[in-house]
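1 is the number of the first residue of the sequence shown in the numbering used here; add one for each residue after it.
To be clear, the hints were calculated from the coordinates, so they are not data collected in a lab. Everything numeric in this text was worked out from a predicted model, so none of it was measured. Think of the CB as a built atom: it goes at the ideal place given N, C-alpha and C, for glycine as much as any other residue. Honestly, I wouldn't trust all of these hints.
To be verified - Listed next, the in silico DSS-like pairs over lysine-lysine satisfying Cα-Cα at most 27 Å (straight line):
1) 105 to 117
2) 123 to 15
3) 65 to 105
4) 64 to 123
5) 64 to 105
6) 31 to 117
Stated by the list, open to error - Here are the computed distance ranges between Cβ atoms for each label pair:
7) 43 to 80: 29 to 35 Å
8) 92 to 115: 23 to 29 Å
9) 92 to 122: 31 to 37 Å
10) 68 to 113: 23 to 29 Å
11) 3 to 70: 33 to 39 Å
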Amino acid sequence: MPSVRDLKRAIKNPKRARCLVYWFFANHSLKPCNGDSFITGREALEEVYCTFLSHQARLLLLYKKEAFDAGLSGDLDVAPHMFEGAIDDCLRNGPAWTAYNQSEKEPTNRTFFWFDKQYDIVKIPTISFTFDHLDGLTHGDFLLAKRLQVSVMPDTSNPTSKRRASLSLVNGSGDRTFLNA
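Using the sequences and the accompanying hints, generate a full structural model.
Structure follows, in structure tokens:
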């Protein structure tokens, strides 16, 4: 079983990555190199980030299946269906979930290189728009919490918080440790 420290790290790192992505799209516009209109905010996030992330995930899964079928494995190898489940747990209910489900199951473009439009990045004054939760929790975290019988409580500590919930572990003495605090 993972330690509390490992669980906290597994929640904080995706939160940091998600905050960085959201900061970028709140402070920059993308202008197609052969066009004169800009895309900003959620539109840019979905058109560029989500499309690219879903392609990367599909391609990783394809290579995983091929390696597994060829008998190649590593020390901590998992079956392709488990790998696909981990990707699903990470993306479900997030901004890339729709793009992932609409992408080709077996990409014809088998490169990790960005193959779509080219963009110029333009710094803009910070725009205000609503992104998804910024608590660092993924669908998989909630499944793990359920399996470990961890408390999942609505986050009512701050009414302006974008956190959906708090995960906490309770030890034998009744002491509570908040994992995504």
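The hints, checked one at a time:
no.: 1; hint: 105 to 117; in the structure: holds (21 Å)
no.: 2; hint: 123 to 15; in the structure: holds (23 Å)
no.: 3; hint: 65 to 105; in the structure: holds (12 Å)
no.: 4; hint: 64 to 123; in the structure: violated (38 Å)
no.: 5; hint: 64 to 105; in the structure: holds (13 Å)
no.: 6; hint: 31 to 117; in the structure: holds (10 Å)
no.: 7; hint: 43 to 80: 29 to 35 Å; in the structure: holds (33 Å)
no.: 8; hint: 92 to 115: 23 to 29 Å; in the structure: holds (25 Å)
no.: 9; hint: 92 to 122: 31 to 37 Å; in the structure: holds (32 Å)
no.: 10; hint: 68 to 113: 23 to 29 Å; in the structure: holds (24 Å)
no.: 11; hint: 3 to 70: 33 to 39 Å; in the structure: holds (35 Å)
Hint violations for this structure: number 4 only, all remaining hints satisfied.
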